[in-house]
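Peer 1: Residue numbers (the numbering used here), protein chains in the order written: chain U, 1 to 239; chain F, 240 to 538; chain R, 539 to 824.
Worth double-checking, as some hints may not be accurate.
To be verified - Okay, derived cross-link-like pairs now, BS3-like style, lysine-lysine, Cα gap no bigger than 27 angstroms in a straight line:
(1) U:Lys172 x U:Lys133
(2) R:Lys623 x F:Lys391
(3) U:Lys57 x U:Lys172
(4) F:Lys391 x F:Lys424
(5) U:Lys100 x U:Lys131
(6) R:Lys623 x U:Lys133
To be verified - Computed spacing ranges between beta-carbons, pair by pair:
(7) F:Leu387 x R:Leu792: 51 to 57 angstroms
(8) U:Gln56 x R:Arg720: 33 to 39 angstroms
(9) R:Arg720 x U:Arg199: 55 to 61 angstroms
Calculated directly from the structure, the hints in this document are not laboratory data.
Glycine included, every Cβ here is placed at the ideal spot set by N, Cα and C.
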Amino acid sequence: MSGLVLENVVAGYRGRPVLHGVSLSVPARGSLTVVGPNGSGKSTLMKTVVGLVQPQKGRVLLEGEDVTRLDAPGRARRGLGHVPQEANVFRSLSVSENLKVAFEFIPARSGATFASRLEAVLALFPEIRPKLKVAAGHLSGGQRQMVAMAAALMPEPSVLALDEPSAGLSPKNAELLFAAIARIASTGVTLLMIEQNTRLGLAVAARGLVLVAGQVKAEAPATDLLSDGLMQSLYLGGH
Amino acid sequence: MISYVAATLVLVAIATIAGLALNLQWGLGGLVNFGLFGFYMLGAYVCALLDTKGVPPLAAMAAAIVVTAAVSAAVSLISVRLSEDYLAIVTLGFAECVRLFISYEEWLTRGTLGVPGIVRPFAGSVPPEWSDAVFLAFAYAWLALVFLLLRKITRAPFGRLVRATRDDATVAEALGKNVLAVRAKVFAIGGALLGVAGSLHAFHYSYIDPTQFSTTLNAYAFMAVIIGGRGSHLGVLIAGFTVILLLEGSRFLADVIPFLDGAQLAALRLFLVGAGLVAILIFKPDGLVREYRLRSGAS
Amino acid sequence: MGQLIFNGLVTGLLIALPALSLALVFSVLRFANYAIGSMLTVGAYLVYAFNAGLGWPLPLAALAGGAVGAGLALAIDRLVYEPLKGRGGVTLLVASIGVGIALENAVRFIAGSSTRGFAVEVARPLRLHGLRINQEQITTIATVLLALAVVWIVFRFTRLGRAMRAVADNADLAAVRGIPRRQVVCAVWVISSVLATLAGVLVGLDGNVDPQMGWNYILPVFTAAILGGIGNPMAAVAGAVVLGITEELATLVLAPHYRTMVAFAVMALLLLVRPTGLFAAQGTAK
Ligand SMILES: Nc1ncnc2c1ncn2[C@@H]1O[C@H](COP(=O)(O)OP(=O)(O)O)[C@@H](O)[C@H]1O
Ligand SMILES: [Mg+2]
């Protein structure tokens, strides 16, 4: 069964399409990293997946079920977790309130309690444990990113959609974060990720997709994309 | 009956001028003036007080226009740096202060006693039986002048600049335009027009007191702008005529629905104004007439 | 002097309820609700209808009036603000002006323009350490503090409160976290209208019930909310108290009918000097 499918999605803002017929498929428990130049519509793709942007055409399927007409809260309740590219924590809420509010509006799938989920995400991100009472707006960029990840993981999502998790992080923090993402991916979550840092991003995913100007330019196993010199020089800025 | 129609037509002209002023400030400039009636009242009182002190009516009116323009610019400076929400409350606050000041500073304004004996322009050279007709023509001459002036402003480069600051102040700022100055100018011009409307009010009634000035004027003006289509002077002109004529004319309803007393009828009318305002926002957001755009302007 | 400060405190607490109501709506729905004055008026008249009309005791009448007022607020949201959702703060603001005009004139149409008073017993003022404290002031203080405490607890410690703060902070993120915006908006209108109704009752106890009563409070209420940093509900309360005391102290040098001018002067000064509000917390403010 497939975890997440997009079929010929046309979507954009105020009637002007940014995505021109994008199709993709992530198998259940699989992972896909989307790369592409700035402004190519990667975040728009992500917003369409999570329900913040309604597609003008096409369908979105979550674990085989058509969720195209479902709004963002509805998709979240069906097990879709999301970390947006920016503004991904509630800055005026404390870290523990961020985690709590991320948990309490989504029915727990395994019947886990808040306390047990809290322990589980704190085990993944031990750095935020001493910050639980601090307002999220007061954290450093790296800590905020971890809080955002932790919050998305609180209700045990079956599909996790990450928009540039390494943006704004130091190389060291980015490495740490990707180590955590690799661990999360290994727990059986379906992972859709957008990443500027192609090396890190493609390293944790099974497959890669290149999006340029709102269209899919290539879709292949991640390792092939990484070694494909032409791809690199054309779209990825080279490494 | 004839005089009633003439009086209604004068009121329509006055309210339409106020609507056009709001259309410049809000429709074109994006600056919500919720204190319209305060500037209008200020204009009326400046004009009336000077007029009754023996200043020639036209000179009194000119003074009123200058004062309201200057005061408008000053008030706008308090908050034009901020979002519209603030400007709306600042203008409203200013208007309430004007009303309080005029109501209580009796040495200057005679307070609630009001100012009687306001002399109309050309009163000396026109036979009394022609006074209303001449004044009607005077009011419509002003309306025409205001309309043409606004059309000219809108089509001039300044008009495009105003729309640019409305649509995206940061971009305009980045292009090196002084947004603050543009907005203060827009407010000043709008204020001048309210000075015209206020002066016409004073001349029309020849007696003014604080109770004549209320948020009803606000409601009429917003209605005219929203129905007419924000930014379209022609639309506001048409809407001003139909809406205000309808509303003013609805005073006749008193004869048709005898079981409602005058106060109830007034309340019903204003209720319909409020509900109508909302309904137009929801169902006809672009109004009757599309905003005028320069061909080279943004879509 | 002490008396003035005390009176100012009570005035400020009175303004605090609608100011909180305004800031709450602003923080979640992102528009300045100019109908707040009319909501206060309508609330007062609803309670008056139960109190003087049906002869219910005031607390019970206030409860009933609050419930009807909340229903009305929900209906208005459904009919007006929800269809205009996403059309920008200015459009919603102008819509609220229309709503305000319609509500106030509905009151005039039904109840007429004459002033009325609640059916309550007149009690003698208390004297305490040289302060003259009358019964309405005690009622005001108790009611406002209780209402504020309830709102604060809901805000800080409940699921609903967290949801409201989350939507206010970042509506898109709240949506992807599964928080249903519609329910939060409804809760905001219920709280907002109940606060407005309570304020209407207290204003009516302090003076009269008339169609103009809410309108007279618009300026102080907005000033208080701006003092607190509009969109920051609890700080609006602090803003209201500061404004109340300032207004009262200003009566030493200005005629009492110029209170509104004091509010305007305070607001103008603040907007020029510190537009983010006096109490906007650094760092967590957006
Ligand atoms: N909220 C928005 N409203 C209008 N246009 C937008 C919005 N967000 C993004 N865009 C436009 O959509 C295009 C794609 O943006 P985005 O999806 O953010 O690209 P990426 O994430 O690949 O950098 C850009 O041209 C951008 O200007
Ligand atoms: Mg992006």
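Peer 1: Evaluate each hint against the coordinates.
Peer 2: Status of each hint after checking the structure:
1. Annotation: proposed proximity of Lys172 of chain U to Lys133 of chain U holds, straight-line Cα distance about 25 angstroms (limit 27 angstroms).
2. Of the pairs offered as hints, the one joining Lys623 of chain R and Lys391 of chain F is violated, with about 35 angstroms between alpha carbons and a cut-off of 27 angstroms exceeded.
3. With a C-alpha separation of about 41 angstroms, the suggested pairing of Lys57 of chain U with Lys172 of chain U is violated against the 27 angstroms cut-off.
4. A threshold of 27 angstroms between alpha carbons decides the hint, and for Lys391 of chain F with Lys424 of chain F the separation of about 15 angstroms falls inside it, so the pair holds.
5. A distance of roughly 14 angstroms separates the Cα atoms of Lys100 of chain U and Lys131 of chain U; the hinted pair therefore holds under the 27 angstroms criterion.
6. Proposed proximity of Lys623 of chain R and Lys133 of chain U is contradicted: the alpha carbons are some 34 angstroms apart, above 27 angstroms.
7. About 45 angstroms separates the C-beta atoms of Leu387 of chain F and Leu792 of chain R, a value inconsistent with the hinted range of 51 to 57 angstroms.
8. Against the hinted window of 33 to 39 angstroms, the Cβ-Cβ separation of Gln56 of chain U and Arg720 of chain R comes to about 24 angstroms, which falls outside the hint.
9. The given range of 55 to 61 angstroms is broken by Arg720 of chain R and Arg199 of chain U, whose C-beta atoms sit roughly 43 angstroms from each other.
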